[in-house]
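Asks: These are the residues of each chain, in order.
2 protein chains.
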Amino acid sequence: MEDDLENTLALLERTPAAFHALLSGLPEFWARRNEGEGTWNASEIVAHLIHCERTDWMPRAKIVLQHGEARTFDPLDRSGNQKESKGKPVGTLLDEFAGLRAASLDELRAINLREQDLNRRGRHPSLGVVTLSQLLAAWAAHDLTHLHQLTRVMAHQYREAVGPWSKYLGVMQCAGHSSAA
Amino acid sequence: MEDDLENTLALLERTPAAFHALLSGLPEFWARRNEGEGTWNASEIVAHLIHCERTDWMPRAKIVLQHGEARTFDPLDRSGNQKESKGKPVGTLLDEFAGLRAASLDELRAINLREQDLNRRGRHPSLGVVTLSQLLAAWAAHDLTHLHQLTRVMAHQYREAVGPWSKYLGVMQCAGHSSAA
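Sequence lines, in order, name chains E and D.
Going by the working numbering, the first residue of the first sequence is number 7, and it counts up by one from there.
Going by the working numbering, the first residue of the second sequence is number 7, and it counts up by one from there.
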C-alpha cells in the first residue's frame, strides 16, 4: 500500500512537467487545434486539469476524510475549464496547473495518511460509494487520460499529412475518448 | 508549408523532454510494468524510439533525397529496441534518445530543405511510394503514438485500483495500439 501511494504521488508530481515539456513555447498552432466541433484543444485540456485541481481531487479527498459517505461530492462541471482558460496563453495555464498541483500534494502529504485511511468511503454523485484509495488512483489515471487525449489531439493534426503511414500509427485509431470525471 | 515544417520541428524538439519529465526519477515500478505478455514497458518504448532515431527517420529522409524511389527503405526491426535497452536504466535511455534527437534535428536543419524537396518521393518496403513531407509528418506522429502508448501503459497499472472510475477514464478504453512503423 505504501508503495502504491508513493508510486501515485511520484506520478502526480511529474505530470505538470510533462504537459509543460510538450506544450511550452510551441507555436500557437498547437494550442488551438482540436479534433473537430465540440472537442477540446490543448489549452482547454490544461484548463480542465486546473479546474479539477481546484474543485475535484483534494476537495473530494477532504470530504471523504471529514464526512465519509454522509456528504456526496459536488458534481464536476465539465465546462468549468471555460472560465479557467478565458484568453490565457497556454504558458500561463501550464504554470497555474503546476502551482496548484504542488499545493495539492503539499496538502495531501501534510495529512499524513495512514493505511486504514485509504479504505475510508465517500459518495460520488453518479458512481456511488468509492474509497479514498480509488479516488487517489483515479486522480493519477485522470492525468494520464488527459495526456493521452492531448497526444491524440496533436496527432489528429497529422491525419492527412502522414499519408499511408496512418495505418501504422496507433494514436490515429484511438477511440479512448473521455466522458466525464 | 514552411509553417508545417516549423510546427513539426517544434514538436520533434520537445517530445524527448516530455518523456523525460514523465519518467525520469520515477520509482522503477513505472519503468518495468507493461500491458501484459508481448507488450512493451516504458523502457522498451523509449528504446524503440532510440532504435527508430538511429535507423529510421533521418536515414530514410537521406535515402529519399539521395536516391528517390530507386532505393527502397530498409524495413524497421520492431525488436530492435531489445538490443538498445539491454540492462540500461530508463534514465540512460531517456538521455540517449534526447541526444540522438538533437543530432537528427541538427542534421535535418543543415540540409536546409526547400519547398520542392518536400514533394520528393521515396519507397517504403510495405507502404510503397511516400513523400518526404509524409515521412516528416509520420516522424512527429510516431512520437505522439508512443507517448500515447506510454500513458496507456501507465494507466493500465490503475485498471483495478480506480474501481468504478474506470468508465470515466478514456485511456482505459483505448484501442489505438500500434502495429509497426
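Think of the hints as simulated: they come from the structure by calculation, not from any bench.
Among these hints, one or two may not hold up.
Identical copies look the same in the list; a pair holds intra-copy or inter-copy alike.
Stated by the list, open to error - DSSO-like, lysine-lysine: derived pairs with alpha carbons at most 30 Å apart: (1) K68 to K92; (2) K173 to K89; (3) K68 to K89; (4) K173 to K68.
Asks: Confirm or reject each hint.
Replies: Here is how each hint holds up against the structure:
no.	hint	verdict
1	K68 to K92	within (28 Å within a copy, 44 Å between copies)
2	K173 to K89	between (38 Å within a copy, 26 Å between copies)
3	K68 to K89	within (24 Å within a copy, 48 Å between copies)
4	K173 to K68	between (46 Å within a copy, 23 Å between copies)
Of the numbered hints stated above, none is contradicted by the structure.
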